[in-house]
Each structure stands twice: as C-alpha cells, then as structure tokens.
Amino acid sequence: MQGRIWLRELLPFGQGAVTELINDGLIGTIPGVTTVRKWHGAMIFRCNRCLTENPRHFHAYNCRKCGRICRYCRHCLNMGRVAECDELLYWCGPDRPSSGSVELTWKGRLTPLQERAAAELQESLLAGRRHLLHAVCGAGKTEILFRPVHRLLSEGKRVCIATPRTDVVLELLPRFTEAVGGSVIHGLYSGSGEPEGFPGLIIATTHQLYRFREAFDVVIVDEADAFPYSYDKTLRQAVKKSLKAGGVLAVVTATPSSAILSEIGKDGGKSVIPVRFHGYPLPEPRSEPLFGYRRKISSGKLPERLRVWTEECLKKKAPFLVFFPSVSLMEKSLPLFSHLDTGIGAVHASHPDRRSLVLALREGRIPGLLTTTILERGITIPRLQIAIVGSENAIFDRSAIIQISGRAGRSSEYPGGDVVLFHHGITPEMDSAVREIRQLNREGGKLVGMPAL
Amino acid sequence: MECLLCNSPVSRPPTWTGLFSDRGKSGICVPCQAKFEPDGRRPPLEDWKGTPYEGALDAAISLYTYNDAMKTYLRQYKFLKDAALAAVFSDKLREVPILKGRTAVPVPMHQERLAERTFPQVEELLVQAGIPFVQLLEKTTARNLGRLGRKERMESEPLFTLSDGAEVYRADYVLVDDLYTTGTTLHHAAHILKKSGARSVAALTLIRA
Chain V
1 MQGRIWLREL LPFGQGAVTE LINDGLIGTI PGVTTVRKWH GAMIFRCNRC
51 LTENPRHFHA YNCRKCGRIC RYCRHCLNMG RVAECDELLY WCGPDRPSSG
101 SVELTWKGRL TPLQERAAAE LQESLLAGRR HLLHAVCGAG KTEILFRPVH
151 RLLSEGKRVC IATPRTDVVL ELLPRFTEAV GGSVIHGLYS GSGEPEGFPG
201 LIIATTHQLY RFREAFDVVI VDEADAFPYS YDKTLRQAVK KSLKAGGVLA
251 VVTATPSSAI LSEIGKDGGK SVIPVRFHGY PLPEPRSEPL FGYRRKISSG
301 KLPERLRVWT EECLKKKAPF LVFFPSVSLM EKSLPLFSHL DTGIGAVHAS
351 HPDRRSLVLA LREGRIPGLL TTTILERGIT IPRLQIAIVG SENAIFDRSA
401 IIQISGRAGR SSEYPGGDVV LFHHGITPEM DSAVREIRQL NREGGKLVGM
451 PAL
Chain X
1 MECLLCNSPV SRPPTWTGLF SDRGKSGICV PCQAKFEPDG RRPPLEDWKG
51 TPYEGALDAA ISLYTYNDAM KTYLRQYKFL KDAALAAVFS DKLREVPILK
101 GRTAVPVPMH QERLAERTFP QVEELLVQAG IPFVQLLEKT TARNLGRLGR
151 KERMESEPLF TLSDGAEVYR ADYVLVDDLY TTGTTLHHAA HILKKSGARS
201 VAALTLIRA
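Residue numbers (the UniProt record's numbering), protein chains in the order written: chain V, 1 to 453; chain X, 1 to 209.
Check each hint, because a few of them may be wrong.
[To be verified] Lysine to aspartate or glutamate pairs mimicking EDC-like chemistry, simulated, CA-CA at most 20 Å apart:
| hint | chain 1 | residue 1 | chain 2 | residue 2 |
| --- | --- | --- | --- | --- |
| 1 | V | Lys65 | X | Glu112 |
| 2 | X | Lys195 | X | Glu157 |
| 3 | X | Lys78 | V | Asp341 |
| 4 | V | Lys65 | X | Glu124 |
| 5 | V | Lys65 | X | Glu123 |
| 6 | V | Lys301 | V | Asp341 |
| 7 | V | Lys270 | V | Glu392 |
| 8 | V | Lys157 | V | Glu123 |
| 9 | V | Lys233 | X | Glu2 |
| 10 | V | Lys157 | V | Glu120 |
| 11 | V | Lys315 | V | Asp341 |
| 12 | V | Lys240 | V | Asp217 |
| 13 | V | Lys240 | V | Asp267 |
| 14 | X | Lys35 | V | Asp232 |
| 15 | X | Lys78 | X | Asp178 |
| 16 | X | Lys35 | X | Asp91 |
| 17 | V | Lys233 | V | Glu392 |
| 18 | V | Lys241 | V | Asp217 |
| 19 | V | Lys315 | V | Glu304 |
| 20 | V | Lys296 | V | Glu392 |
| 21 | V | Lys65 | X | Glu116 |
| 22 | V | Lys65 | X | Asp91 |
[As the list claims (entries may be wrong)] To give a feel for the contact side, a few chain X residues facing chain V, derived at Cβ under 10 Å:
| hint | residue |
| --- | --- |
| 23 | Met1 |
| 24 | Glu2 |
| 25 | Leu80 |
| 26 | Lys81 |
| 27 | Leu114 |
| 28 | Ala115 |
| 29 | Phe119 |
| 30 | Pro120 |
| 31 | Leu162 |
None of these hints come from the bench; they were simulated from the model.
Heads up, the beta-carbon is just placed ideally off N, CA and C, and yes, glycines get one too.
Work out the full structure, taking the sequences as your base and the hints as a guide.
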C-alpha cells in the first residue's frame, strides 16, 4: 500500500482493520473531490486522484449515500469512481525498504556515446538533479537505462519508468526483467491487474501514476513526447504527485518539446545522442506534392505518385508503411491499395489483431500496411519504406514526423530507407522536422569522425 | 459539448429551442447513437400463461436490444456508477408513445443496493428526461435476480410490496425498468399494482435482453 492512493471501497483489506489503522495514524485520508478557491475568487473542484480541475470533468447528481448534491470525477472514472463523499486513503506509516540484493544480469556492451549518456544520467539522478536524455530514434535508449536503474535499485531507491503507451510497457517489461535480476518488477497498465509483492521497480503507463502518491525516489518518463502525455496536463501533474519530496524526474525522448525542456529547467542535466547505435545518419524525409489527394481517394482513384511509389516498393519486395491522418481516409484507400496487391492490410488503434498484422509485415508475409499514427513509434522492421499521406495535417507535427522517419533504416545492414512526405502544401512543422533531422545528422557526422566512436 | 460516451466533440446546428431549453441535447454523438440497435420485437408476455401472474401486464415495449454497445453502456452506468449517463436516452424516452396518458412508476431498488449504487438508476433516467413519475413500490429482497436461472426467476417469491402511504388509483400505469429478461420483476410489480386497484398496467424497458 505504500506510495499508493486507494479508494476506501476498493482497498483489499477488511473495513474494520482499515478504521483501526486510520485511528493509529498509519493511514491518512483525504476527500475524493475538494473545492478550491482560486486567487480570483472562483470556486472550482479538484479530483484528488487525477488532479483535474476542468469543470467539464465533474458531474453533479443527487447522491443517496451522503444525501446531498455530490460531484464525482469522470476523468478517472475507469479506476473506480471518486466522489465528494468518498475517501481516498494513503499510507503514512514508516517506509518499507525494498528487499533483496539487485544484480545487473545484462551482459551487452554500450557504444562510447551510450556509455557517456548512461554515466551522465546516473550522476544527475544520484545528485538529485533533473535530467533530459535526448537520443535519436534507434540510439538504444533502453540499454542506456539499465545501469543507472540498477545502481538506484541497489541503493534501495524506488524507481518508476513511466510511458504514455501500453505497447512500450509491454516491450520494456521483459527486457528489464532479463537485465536486472533479484528485484521485484511490476508492469502496470490498464487491465494488467494487481501483481503480488512489493516492487522496487515499476514500469507503468503514465495514467497508472494517478494511483500513486509520494511513492518514488526517481521517475523516468520514456517517450515523453508521445500522445497523450504531451497534451494532458493532469498526466504531468500525476508524475509530480507520484514523486517523493526530493524525488527526481528524468525524461527520455527523441524529440524534446518546449514543454519538456521547461520541465527540466536550466539547471537540469542533459545528454544528447545524435547518432544511431550503428553510426549511420538518420534517413532524411523528402517531400512530394500530392495535391487534391482527398478528392482523388474519395472518387475511388489512387493518386498517381502514391501508386508509383507503392508499385516500386512491391517490385523491390521491401516492406512498407503508409501513414494516414485519419481512420476514415485510410479505410477509403484500403480497397484502392488492394488492387495493387491483395495482401496489403490496414491497422488502427481499435483494430482487433493489430499485433498479428505488424508481425506478419515483419516476417514478410504481407507486403505492406496502411496505418494511423499508432505505429509511429516502437516498431523495428528491417528495410522498411515509409510514406506519410497528407503530411500537412496537424496530427503530423514535428515530433510525429521525426518519430515516423525514425522507423526507417534501423538495422546496420540496411541503414537507409525511403521516407516520403506526400503533402497538399508544405507546413512549418514539416520544415522544422526535416531541419532538426539534418541538424542531428550534422552533429552526428562530427562525432562519427571522432576517435571516441 | 463533448459526447458522454466517447468524449469526441459533438456539434449540433443551433436552434431556437436549443437556446431556451435542454430538449434535443442528448449528449452523445451520432456514431455512438448509431451503435445502439432499436428493438422492434414485443416482449413475450405469453411465457407467463398459466401462472398466477398471467395478464398482470397489459402491454410491454422495449426500446433497444442488449448488444455490445448497450452492455458497455450499462456497465459504465451501473457498475462504474457514472450517473451522467442517465441523460443518454432522454430524447428517446420522452417520445415513447406508451407513456402517453399513463402514470410512470419506476421499478425501485432495495435500500441496501441503493446505498451501494448511490443513485437509483431507473428513477434517474426519468428525472433526466423530465418525465413525471410516482414512487409506489418498495423492493423486499436485496437478492439479485441476475444470478438465478430462468426457471428459478419465474418461480421466485413476491419481490415487491406497496410502499407506506402509497395510493393506487383506478388509473393507467406504466412501469419503467432498465432490462427485460424473463419479465419476472415487471410481472411481480404489475401484479401488486393490479391487486391494489390499477385499471391497466403497461411496461416500458430500455433494453430487451
């Protein structure tokens, strides 16, 4: 229970025992929803679990439990409803030390650049300084984390690796279990259930941090630029709430936004890795006009340039991904692509077998996939070719384009890869993405020449 | 405004009615609305032939089938206790012809259940829709019919009594409930009303399972 925040009804102990602990002062209580008076005099409501203050997240109704008009939070409803008359409980007794000796069982080797970043990260975290690890896609970010995390755990610290995506949690969990032995590691995401034991390391989605309060010495936010962490203020507050007093925040990302930079602050540590682990530069996206593609697709024709590009991929037998700005546009174009090759599939967030389709692409059973931005990160397929259709849409911002380009050329055998932005007009976001990739490649080029690598 | 079910923005053309009242603002978006499947069948009242409850209900109607969208809705409304969802079917409920000329009587919950749920789910539907109703009945058992088989349900003990001080007139009543499964709840409730002097009793349920 230490570090957690629970709804009284959901606590897995008897109610009698809970009351006793409250009277002994070992469990603290706070009301679920409180009214706050702002400096301008307005009264607003705040949910004490997810910390939202958005009036649209609260619904008032005639409650038969407290007999008054009662408000509850609809923002974190899925974790069990929190209302004004509910109590949230947290442990305020003595801290329990993490158990067992921790062992680094990872036997891989780091490149000199990774080595340096790992050392810098570890130094910052031990000194209680915030840290930003800015590493390009495919730089081997997870490997960099192993050693600092191991060091913190062996000092008895509680560590959390938080990420906005469930997919990333599922990918990190087995890698950390393999790399760090002797410690209890929990993976928490929506639908994961409650694992047994007292964990030293928790790998969780950022949403799960709503359930924590003053729990961790260190929180490392991975893929911090991913939706929804970058947009949802309450998620950033949840990360802060889950830190102990004096706890440290570290951020790992390939595309730091200004919000992230300001979160780290001027005096925070910073490490940059501008090259991939194999030392080749990032593929630079090229733009191709595809004016009026919406009308073309709606009238049942595949735009000429896109058709030529796809046919070329099919001829080269290279796997390809085509990103679309919306599910509806993607579904309209799927039959048009099926004319070229019947194997081409399409995936979106609520697709039932999206995992198996991605696997099929990796194993070469299907020639290519149409997708929305859900595949923008976390997938590695050798020789991948990429097209973004409608790259002028707001959904393809700077960080999305950089992430998507980062899917190409990830293996050392095929470091290149074609990334095409099919657009209906070039946007500043597209420009700044290309500029940033060029900038990183320039920095990386200097480093590759250095004897350190 | 945002859809109550999927949080996507809902835009409706501005109207004069919309400016002065809440009518027509069901609170969910068109794609979500389309997932609920209207039910055209009449609930099978003939199942109750030969039992003491035969003829207790004079008419019955259900609005929707119990499909996946409806199951998700009911789960969020009843088990996650999302009282805001009571407004989802308000528009539809107001237009049901069976309510015309009849007095609505919501099927009550047991006091214990009510304390757990914190709001009476059927009554809340009527409150949100602005449909006047009278509370005449009281549930006698806290047991949940959901766990019982069909035969056990149909043979169960009386589930309701008339609440204290309730007056049943020689009038037309319509019972309102969320689910029609075997019809046990509604037949028991209708039986009591008929015995106490109601002229006719109809039933309206949101869902036909």
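ask   = Which numbered hints are broken by the structure, listed smallest first?
value = Numbers 3, 7, 14, 17, 22 and 31, in rising order.
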